[in-house]
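> So the protein lines, in turn, are chains A and B. So in the numbering used here, spot 223 of the first sequence is number 223, and the numbers just go up one at a time. So in the numbering used here, spot 108 of the second sequence is number 108, and the numbers just go up one at a time.
Don't read these hints as lab results, they were simulated from the structure. A few of these clues could be false.
Stated by the list, open to error - Each computed EDC-like pair below joins lysine to aspartate or glutamate, with the alpha-carbon atoms no more than 16 Å apart:
#: 1; chain 1: B; residue 1: K190; chain 2: A; residue 2: E207
#: 2; chain 1: A; residue 1: K190; chain 2: B; residue 2: D168
#: 3; chain 1: A; residue 1: K181; chain 2: A; residue 2: D257
What the hints assert, rightly or not - Looking from chain A toward chain B, a few residues come up when the C-beta cut is under 10 Å (computed):
#: 4; residue: T283
#: 5; residue: T337
#: 6; residue: A376
#: 7; residue: A380
#: 8; residue: W382
#: 9; residue: D384
Model, not experiment: these values are computed from the prediction. Built from N, CA and C at the ideal position, the CB exists for glycine as well.
2 protein chains.
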Amino acid sequence: MPDQTTLTHLQTVTDSLESGATMQTRYLLNGALPAQDVARLLESSPPRERQLLWELIEPSYEGEVLQYLNDDISSQFLKDMDTEQLVAVSEHLENDDLADLLQNLPETVVSEVLASMSTQDRMRVETLLSYPEDSAGGLMNTDTITIRPNITVDIVFRYLRRHSTLPDMTDSLLVVSRSDKLLGTLPLTKLLVSDVNDTVRDIMETEFTAITAESPANEVAQLFEDMDLVSTPVIDSESKKLLGRITIDDVVDVIRDEAEHSMLSMAGLDEDEDTFSPVLKTTKRRAVWLGINLITAFIASYVIGLFQGTLDQVVALAILMPIVASMGGIAGSQVLTLVIRGIALNQIGATNTRWLLNRELIVGLINGLLWATVIAVLTAFWFDNIKIAYIIAGAIVINLLFAAATGTLLPILLKKMGIDPALAGSVILTTVTDVIGFLSFLGLATIFLI
Amino acid sequence: MPDQTTLTHLQTVTDSLESGATMQTRYLLNGALPAQDVARLLESSPPRERQLLWELIEPSYEGEVLQYLNDDISSQFLKDMDTEQLVAVSEHLENDDLADLLQNLPETVVSEVLASMSTQDRMRVETLLSYPEDSAGGLMNTDTITIRPNITVDIVFRYLRRHSTLPDMTDSLLVVSRSDKLLGTLPLTKLLVSDVNDTVRDIMETEFTAITAESPANEVAQLFEDMDLVSTPVIDSESKKLLGRITIDDVVDVIRDEAEHSMLSMAGLDEDEDTFSPVLKTTKRRAVWLGINLITAFIASYVIGLFQGTLDQVVALAILMPIVASMGGIAGSQVLTLVIRGIALNQIGATNTRWLLNRELIVGLINGLLWATVIAVLTAFWFDNIKIAYIIAGAIVINLLFAAATGTLLPILLKKMGIDPALAGSVILTTVTDVIGFLSFLGLATIFLI
Chain A
1 MPDQTTLTHL
11 QTVTDSLESG
21 ATMQTRYLLN
31 GALPAQDVAR
41 LLESSPPRER
51 QLLWELIEPS
61 YEGEVLQYLN
71 DDISSQFLKD
81 MDTEQLVAVS
91 EHLENDDLAD
101 LLQNLPETVV
111 SEVLASMSTQ
121 DRMRVETLLS
131 YPEDSAGGLM
141 NTDTITIRPN
151 ITVDIVFRYL
161 RRHSTLPDMT
171 DSLLVVSRSD
181 KLLGTLPLTK
191 LLVSDVNDTV
201 RDIMETEFTA
211 ITAESPANEV
221 AQLFEDMDLV
231 STPVIDSESK
241 KLLGRITIDD
251 VVDVIRDEAE
261 HSMLSMAGLD
271 EDEDTFSPVL
281 KTTKRRAVWL
291 GINLITAFIA
301 SYVIGLFQGT
311 LDQVVALAIL
321 MPIVASMGGI
331 AGSQVLTLVI
341 RGIALNQIGA
351 TNTRWLLNRE
361 LIVGLINGLL
371 WATVIAVLTA
381 FWFDNIKIAY
391 IIAGAIVINL
401 LFAAATGTLL
411 PILLKKMGID
421 PALAGSVILT
431 TVTDVIGFLS
441 FLGLATIFLI
Chain B
1 MPDQTTLTHL
11 QTVTDSLESG
21 ATMQTRYLLN
31 GALPAQDVAR
41 LLESSPPRER
51 QLLWELIEPS
61 YEGEVLQYLN
71 DDISSQFLKD
81 MDTEQLVAVS
91 EHLENDDLAD
101 LLQNLPETVV
111 SEVLASMSTQ
121 DRMRVETLLS
131 YPEDSAGGLM
141 NTDTITIRPN
151 ITVDIVFRYL
161 RRHSTLPDMT
171 DSLLVVSRSD
181 KLLGTLPLTK
191 LLVSDVNDTV
201 RDIMETEFTA
211 ITAESPANEV
221 AQLFEDMDLV
231 STPVIDSESK
241 KLLGRITIDD
251 VVDVIRDEAE
261 HSMLSMAGLD
271 EDEDTFSPVL
281 KTTKRRAVWL
291 GINLITAFIA
301 SYVIGLFQGT
311 LDQVVALAIL
321 MPIVASMGGI
331 AGSQVLTLVI
341 RGIALNQIGA
351 TNTRWLLNRE
361 LIVGLINGLL
371 WATVIAVLTA
381 FWFDNIKIAY
391 IIAGAIVINL
401 LFAAATGTLL
411 PILLKKMGID
421 PALAGSVILT
431 TVTDVIGFLS
441 FLGLATIFLI
């Protein structure tokens with residue numbers, strides 16, 4: 001059960017480190033644990049301990065581990081390596097993983113590492129480097145097995161047998177023309193049930209889904225999810241030539257990042273925010289977000305300030321006003337979260353926006369009336385003042401309606417403007433719910449109470 | 001590009017529905033679009049339109065689509081079917097998907113549907129039904145291809161050729177003993193490069209990862225991610241007998257749900273919260289969350305109430321106090337989000353809690369001092385009162401430190417208590433940051449101002 005073993009191992013490793021049982025630690029770090037677990041161990045360790053652990057990993061295994069570390073940490077380790085070490089590391093990496101690592105290194109180092117590689121590999125890696133990391137080109141690997149359409153199944157079998165191994169996640173062979181154009185795919189499951197005398201052309205699938213190298217990673221992920229793919233070929237958009245293939249293991253990472261993205265963004269954090277990255281770096285990242293929210297807070301305070309006179313006369317208002325603001329904030333962020341997710345899942349668009357808005361307004365109204373009543377009753381008893389009870393009830397309903405409208409329309413609008421709704425949405429929403437909350441409550445009070 | 005086509009199709013379908021071009025709609029719904037897209041179309045449609053669309057889908061295709069609909073919607077459709085229709089649907093489903101659907105139906109209907117199936121299939125489905133949906137047993141399928149260890153590769157090829165097709169996502173054959181015990185796996189990529197005279201025993205992999213049917217879904221997902229699996233056998237924990245296999249396509253759904261879970265829970269929503277589910281159902285779900293948060297709000301107000309006297313004398317405090325609370329809330333939820341994610345990724349445990357706490361306290365302190373200064377300066381100018389400036393600065397620092405401590409320790413504590421940190425965390429955190437915020441600010445004011 002990985003969930004437990006990882007932390008158990010972390011414990012074991014920590015102990016063996018403290019007790020100085022380095023042999024055991026070495027053993028655990030160099031293959032006894034899957035590279036991903038080792039990566040997680042490193043990520044889970046305070047910087048000093050992390051450095052110690054890293055030094056215990058064999059250079060030949062470092063590459064394996066590096067590819068699973070988040071950028072913050074891996075780049076820290078990579079900076080400390082000389083080119084020789086980098087070359088050593090690169091030898092144990094698949095081209096796509098190597099490309100990902102190189103993307104974080106200075107130009108000069110990159111070219112030295114490339115220089116150390118075989119012409120073929122260098123060309124392949126250079127191809128990968130020419131695409132952004134979050135595009136199909138950046139995700140793809142070049143270890144495709146290609147065959148010609150005119151050969152027989154029997155020949156294919158003999159051809160495959162000449163390999164010592166086939167690349168991981170090879171679920172289909174790619175059928176290409178003499179000029180490397182992709183003609184079709186031949187799934188192994190199909191190959192294995194075909195007559196040995198059939199030609200590849202007879203049995204290959206011509207209705208395959210090929211991705212162009214420029215397609216963004218999230219579209220690739222969507223395609224894998226929709227079509228239940230294990231791997232899919234990547235082609236050049238112009239020449240239609242085969243460039244490589246993308247495998248599900250790389251896509252799974254995209255899917256997880258994508259799904260986590262919204263949650264982190266809504267708290268003003270980014271994917272490679274590392275729970276253990278340098279304090280100052282983290283502090284800076286968070287400070288920005290706090291600063292942005294401070295503006296929100298001051299706007300809210302300014303609104304309250306407008307009613308200084310009213311507050312002066314009825315202190316109860318000061319005591320109750322946070323309730324109005326916070327109820328609006330909660331209701332709004334529920335809608336916001338749902339709509340942001342809906343947009344990510346392509347469930348929400350121009351066709352159903354109006355319907356959705358109406359729906360959320362109704363939900364907001366019902367919940368508004370319900371909780372307005374509850375709050376009114378509680379307030380009436382607490383301050384023994386029926387007028388304030390009516391006023392807060394009214395403010396709650398108004399704020400929950402605004403919350404519903406903002407929560408629905410804001411993310412759709414931001415998306416249209418090309419702004420990430422998850423990142424900007426929550427701040428703007430809170431501003432709205434705070435301002436409307438204080439404005440409606442203190443406003444109504446000024447009108448009916450003073 | 002699926003991201004766009006889905007909504008484009010939604011548009012097309014909507015138009016063709018309105019214009020009464022049912023032929024085209026039928027065509028789109030019954031195979032022209034992948035079943036997942038149709039499912040998303042239905043999920044993206046207002047209830048009335050959704051019903052219309054559903055009626056245009058061929059009974060033979062309904063099953064395909066149903067399996068991709070979220071439980072809310074699919075169960076609505078299933079309720080309206082008579083057993084005959086259900087049987088018709090079931091014929092077009094894989095066993096694991098069928099089992100998932102049956103899980104949402106009344107006992108009597110289930111048994112009728114089962115009765116309509118072949119003995120073999122019925123037994124298989126009954127096996128699947130005996131495991132919870134979110135366990136390995138619930139995820140697995142029974143379409144395994146098994147072979148014996150003593151036959152030669154050549155025989156394996158002939159045996160496979162006798163199949164008309166192999167199950168999707170078959171990446172390896174499962175080697176079993178006469179008593180159905182799992183002995184090893186034979187990846188197709190290995191099979192294809194092996195000498196035809198080798199026996200299966202010679203080339204099979206005996207160090208395979210087999211999952212027991214009871215393992216929870218999230219551990220399965222972890223395993224697939226760590227080991228880059230396409231499919232993996234599921235065995236009975238006692239008898240070690242082969243029960244079936246889990247494929248990556250089902251695991252991908254688990255991974256997405258898992259990753260979305262935290263984001264939705266933090267807003268008090270659950271996975272199958274449907275953007276388009278019945279208003280009253282949604283309203284009820286959300287009302288609960290608003291109610292819980294109302295308690296928080298009243299606790300905060302109560303704390304403010306304690307300082308009625310102070311507020312009466314210095315109205316500026318009422319204007320500024322939301323700033324202290326909200327800055328604490330933001331800082332706290334940043335830490336909370338990170339720690340919740342860290343726990344989910346197994347990066348955080350007993351071994352590094354103390355280190356993490358220290359780290360977050362330092363981050364909190366630095367940001368506290370930074371923004372306390374900014375806020376103090378702004379306050380001093382706004383109210384031209386240096387004392388209040390000092391007081392709010394002190395309160396900000398105190399609240400950000402509490403926010404850091406709560407954000408770090410609370411989720412770890414909740415996890416230990418078996419409570420979902422994402423669900424309970426945010427409410428408790430806001431309570432703390434509100435209470436501490438008002439308490440420290442108004443408290444300090446009472447001491448030094450009055």
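> Holds or violated: K190(B) and E207(A), Cα atoms, limit 16 Å.
Not satisfied, since the Cα-Cα distance of roughly 27 Å exceeds 16 Å.
> Restraint: T337(A) near chain B, CB-CB cut 10 Å. Satisfied or not?
holds (4 Å)
> With a cut-off of 10 Å, does the beta carbon of W382(A) approach a beta carbon of chain B closely enough for the hint to hold?
With Cβ-Cβ at 8 Å, under 10 Å, it holds.
> With a cut-off of 10 Å on the beta carbons, see whether A376(A) makes it to chain B.
With a minimum Cβ separation of about 12 Å from chain B (threshold 10 Å), the hint on A376(A) is violated.
> Was the hint right that A380(A) lines chain B, CB cutoff 10 Å?
violated (14 Å)
> Taking only the CA atoms, is the gap from K181(A) to D257(A) under or equal to 16 Å?
violated (33 Å)
> Under 10 Å is the threshold here; is the Cβ of T283(A) close enough to any Cβ of chain B for the hint to stand?
holds (5 Å)
> Is K190(A) close enough to D168(B), meaning Cα to Cα at most 16 Å?
holds (10 Å)
> With a cut-off of 10 Å on the beta carbons, see whether D384(A) makes it to chain B.
violated (13 Å)
Hint compliance for this structure: hints 1, 3, 6, 7 and 9 are broken, all remaining hints hold.
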